[in-house]
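Trainee: Sequence:
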Amino acid sequence: MGPLDMALAGKHSGFRREHSGIARKANLEKLDLDPTLKAPKDRSMTKNVVLGRLTRILNPAAYLKGKMEMSRQIQEYECLVNKLKLKAKKKAEDLTQEMTELRYQQTNLLEEECKHRVCIEQASL
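So for the sequence shown, the working numbering puts the first residue at 1; every next one is plus one.
Possibly wrong hints are sitting among the right ones.
Derived lysine to aspartate or glutamate pairs resembling EDC-like cross-links, with alpha carbons at most 20 angstroms apart [claimed, not checked]:
#	residue 1	residue 2
1	Lys83	Glu101
2	Lys87	Glu76
3	Lys90	Glu101
4	Lys91	Glu101
5	Lys65	Glu76
6	Lys67	Glu78
7	Lys89	Glu78
Estimated spans, in silico, between C-beta atoms of each pair [as the list claims (entries may be wrong)]:
#	residue 1	residue 2	range
8	Lys67	Lys47	51 to 61 angstroms
9	Gln97	Ser71	36 to 46 angstroms
10	Gly52	Glu98	44 to 54 angstroms
11	Glu112	Leu84	35 to 45 angstroms
12	Asn59	Leu95	45 to 55 angstroms
13	Lys87	Glu111	32 to 42 angstroms
14	Asn108	Lys83	50 to 60 angstroms
15	Cys114	Lys83	38 to 48 angstroms
16	Leu95	His116	28 to 38 angstroms
Note that these hints are calculated values from the structure, not bench results. Yeah, the Cβ is synthetic: ideal placement off N, Cα and C, and Gly gets one too.
All chains should be built: construct the whole structure from the sequences, respecting the hints.
Mentor: Written out as structure tokens, the structure is:
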């Protein structure tokens, strides 16, 4: 068995030792898997950071173009949000006006109903 085989065997046996407790459990919980999942996540995050920095260093024009495009999209979304806010405000004002008119009509109908009942009551006396 060569040194590489021994190193790999050592890694695998360490893996088995670390995770043998997990294999015996009937129900796994998130805490059981956190140590196992943390290492690949850390490596991928480091890889993404390094790739981002390399892109900035090796191709600054593409990096700046990407930043400009992102900035343009943000401005478009902010403009759209402002338009939607104005539209919602106008709609709310329209609904408020409509409710006021309906309340006024309802009040008039109630007043007419009261007058009608008074007339009926006086006629019955």
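Trainee: Of the numbered hints stated previously, which ones are contradicted by the structure, given in increasing order?
Mentor: 1, 8, 14
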